[in-house]
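Colleague: Chain B with the ligands: place on chain A using the hints.
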Amino acid sequence: MTAAHADPLGQAQPDGSGRPASSDHAVKIRTQHLSRVVKGVAIVDDVSVDVFHQEVMAVVGPSGAGKTSFLRLINRLDEPTRGTVYLDGVDYRTIPPRELRRRVGMVMQFPYLFPGTVADNIRFAPRQRGEEIRDEEIDRLLAQVDLPGYRERDVSQLSGGEAQRVSLARTLANSPEVLLLDEPTSALDDKAKASVEALIVRIIREQKLTCLIVTHDNAQALRMANRAMVMEKGRLVAVGPVQEVLGAESVLP
Amino acid sequence: MLNQFFHEPIALGLAQAAAVTLLSLGVMFLARYQNIRLEREILVALARGFLQVVAVGSVLVFVLQGPWALGLLVLLIMLVAAAFTAKRRVTTIPQALTVALLGIGVGAGTVILSMTWLGVIDPALTSLIPVGSMIIANAMNTCTLALERFRAEVESHTGLIEAGLALGADPRAIVRPYVQAAVQASMIPRIDSLRSLGIVWIPGLMAGMILSGTDPVYAAIYQFVIIAMIFATSGITALVSVLAVRGRIFTPAEQLILRP
Ligand SMILES: Nc1ncnc2c1ncn2[C@@H]1O[C@H](COP(=O)(O)OP(=O)(O)OP(=O)(O)O)[C@@H](O)[C@H]1O
Ligand SMILES: [Mg+2]
Chain A
1 MTAAHADPLG QAQPDGSGRP ASSDHAVKIR TQHLSRVVKG VAIVDDVSVD
51 VFHQEVMAVV GPSGAGKTSF LRLINRLDEP TRGTVYLDGV DYRTIPPREL
101 RRRVGMVMQF PYLFPGTVAD NIRFAPRQRG EEIRDEEIDR LLAQVDLPGY
151 RERDVSQLSG GEAQRVSLAR TLANSPEVLL LDEPTSALDD KAKASVEALI
201 VRIIREQKLT CLIVTHDNAQ ALRMANRAMV MEKGRLVAVG PVQEVLGAES
251 VLP
Chain B
254 MLNQFFHEPI ALGLAQAAAV TLLSLGVMFL ARYQNIRLER EILVALARGF
304 LQVVAVGSVL VFVLQGPWAL GLLVLLIMLV AAAFTAKRRV TTIPQALTVA
354 LLGIGVGAGT VILSMTWLGV IDPALTSLIP VGSMIIANAM NTCTLALERF
404 RAEVESHTGL IEAGLALGAD PRAIVRPYVQ AAVQASMIPR IDSLRSLGIV
454 WIPGLMAGMI LSGTDPVYAA IYQFVIIAMI FATSGITALV SVLAVRGRIF
504 TPAEQLILRP
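For the protein sequence lines, the chains are A and B, in the order given. For the first sequence, the numbering used here assigns the number 1 to the initial residue and increments by one for each residue that follows. For the second sequence, the numbering used here assigns the number 254 to the initial residue and increments by one for each residue that follows.
Next up, chain A with everything else stripped away, as it sits in the complex (with noise of 0.2 angstroms):
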């Protein structure tokens, strides 16, 4: 890390707003009026938010507040009715969507696995690319999912946890930019939970990634996250350091 990204929280404007007076390379992912009408409905809701480079943002917010689809506006598997987002201060309705998708790897909620093994899936991606990915390299990242030894085993037989950093590691696969997690946690019991989220953090930090977390638990959010965004009806209603954000939320009634 350098300098001027170490504390990406000392460059938080007084505002709250937590964006940077100056530092705008540092700023990874920008969403600008970020909006998606459904039905006549805002299930996102003009949200314009900043994320620095290599920071950990937890969105949260109760339910259908819209952070699954904030993330999906993010990957650009939904169309934003209004407005964009900005991935290195470029637009990314111009970069291809596949591309855009490889640098900004989403890992959904439920870890929906092909059906095969588990390689077949870490594979998958890269040879979209007409990258064919070496067995060394699937071993590498399974271990770093801590999945030693199960390159070969039918994604049928997988625990949920075990399905779970799969499809991590078949997004990491792409060796993605940005990150974006939909609570991957959500279906582990405490002890899965606590291991997940260790590799989780470790792999963010060691690969320099940028992550978005949407996550229900406001320990979690507090353990891995730098920041916090909350959403609620659509709309961004707070953001700034974790600490401040969740606990001002924990003394509301």
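Honestly, the hints are just simulated from the structure, not real lab data. Hints may contain errors.
[Said to hold, decoys possible] To give a feel for the contact side, a few chain B residues facing chain A, derived at Cβ under 10 angstroms:
#: 1; residue: Ile-382
#: 2; residue: Ser-386
#: 3; residue: His-410
#: 4; residue: Gly-412
#: 5; residue: Ile-414
#: 6; residue: Glu-415
#: 7; residue: Ala-416
#: 8; residue: Gly-421
#: 9; residue: Asp-423
#: 10; residue: Leu-509
#: 11; residue: Leu-511
#: 12; residue: Pro-513
Computed from a predicted model, the values in this text were never measured in an experiment. The C-beta atom is built at its ideal place from N, Cα and C for all residues, glycine as well.
Modeller: Showing chain B with the ligands alone in chain A's frame:
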């Protein structure tokens, strides 16, 4: 029995129609006895079917005396009508009419034109129109079957498809298994009809030819020719329909449109 009383063909036909209508009404009352209430539907369907087929028969009286090109025009109209019917059955599919027109048009069109040119289909209107309409009707059924199956496959795999998209995959590659499933599923009835030809069923055309005095062996061979043409039509229609719809269930930015 009836032919002892009626000698005029149309009068005989009407008497025969009356007899089968009575039979159908009997079935209707049986159904009613079991609390299956379909009277309205059955009556409407009977009346409608009768009027439609008589109307077509009356038109054929004139058309069959017309020039060769008139036959093509009639088939073209049937083709468009078939596409509209297919479209109505698969409403949730984006641009269903274009897809159906393409699938049915290319499938039935290729087979009808090439086989007529070769002389497999007699260009005389008395043969071109009935054989052509049979081919078009089958193209329509295949098209609906294929699109319906493709829709069902995609809708039940949206999670997997979007997982693939989110990994930066080519949408066409992601839906490849569903394309295969849809084409296969829509071909199975045609394969079955080839396989069971003559054993399980003696198809209408062969029966008709025998009834009108054609040599049964020639009628049998020609029936095989028809079924094989229908098979070829189905193959082309299924492939073209599904490949045409494949690109249309995604936006230009490669987002999945088709959802349950
Ligand atoms: N394709 C869609 N069409 C219509 N409404 C939708 C669609 N997708 C999501 N919604 C609605 O948008 C709102 C936000 O949904 P979203 O899944 O983003 O919420 P969430 O914050 O992720 O909730 P949860 O915490 O329960 O996962 C919900 O009311 C949902 O019903
Ligand atoms: Mg959600």
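Colleague: Now tell me if each hint is right for this structure.
Modeller: Results of checking the hints against the structure:
1. Given the 10 angstroms rule on beta carbons, the hint for B/Ile-382 is violated: about 47 angstroms separates it from the nearest Cβ of chain A.
2. Evaluation of the B/Ser-386 hint against chain A yields a violated restraint, the C-beta minimum of about 42 angstroms exceeding 10 angstroms.
3. Interface restraint check for B/His-410: the shortest CB-CB distance to chain A comes to about 8 angstroms, inside 10 angstroms, so the restraint holds.
4. Because the beta carbon of B/Gly-412 sits about 4 angstroms from the nearest beta carbon in chain A, less than 10 angstroms, this interface hint is met.
5. Taking 10 angstroms as the C-beta contact cut-off toward chain A, the hint placing B/Ile-414 at the interface holds, the least distance being around 9 angstroms.
6. Taking 10 angstroms as the C-beta contact cut-off toward chain A, the hint placing B/Glu-415 at the interface holds, the least distance being around 6 angstroms.
7. A distance limit of 10 angstroms between C-beta atoms decides the matter here; for B/Ala-416 the minimum to chain A is near 4 angstroms, and the interface restraint holds.
8. A distance limit of 10 angstroms between C-beta atoms decides the matter here; for B/Gly-421 the minimum to chain A is near 4 angstroms, and the interface restraint holds.
9. Interface hint status for B/Asp-423: upheld, as the beta-carbon distance to the closest one in chain A is roughly 6 angstroms, under 10 angstroms.
10. Hint status for B/Leu-509: holds, given a least beta-carbon distance of 8 angstroms to chain A, under 10 angstroms.
11. A hinted interface residue such as B/Leu-511 counts as satisfied when its beta carbon comes closer than 10 angstroms to some beta carbon of chain A; here the least separation is about 14 angstroms, so the hint is violated.
12. Annotation: B/Pro-513 was flagged as interfacial toward chain A, and the flag is violated, the nearest CB pair being 15 angstroms apart, outside 10 angstroms.
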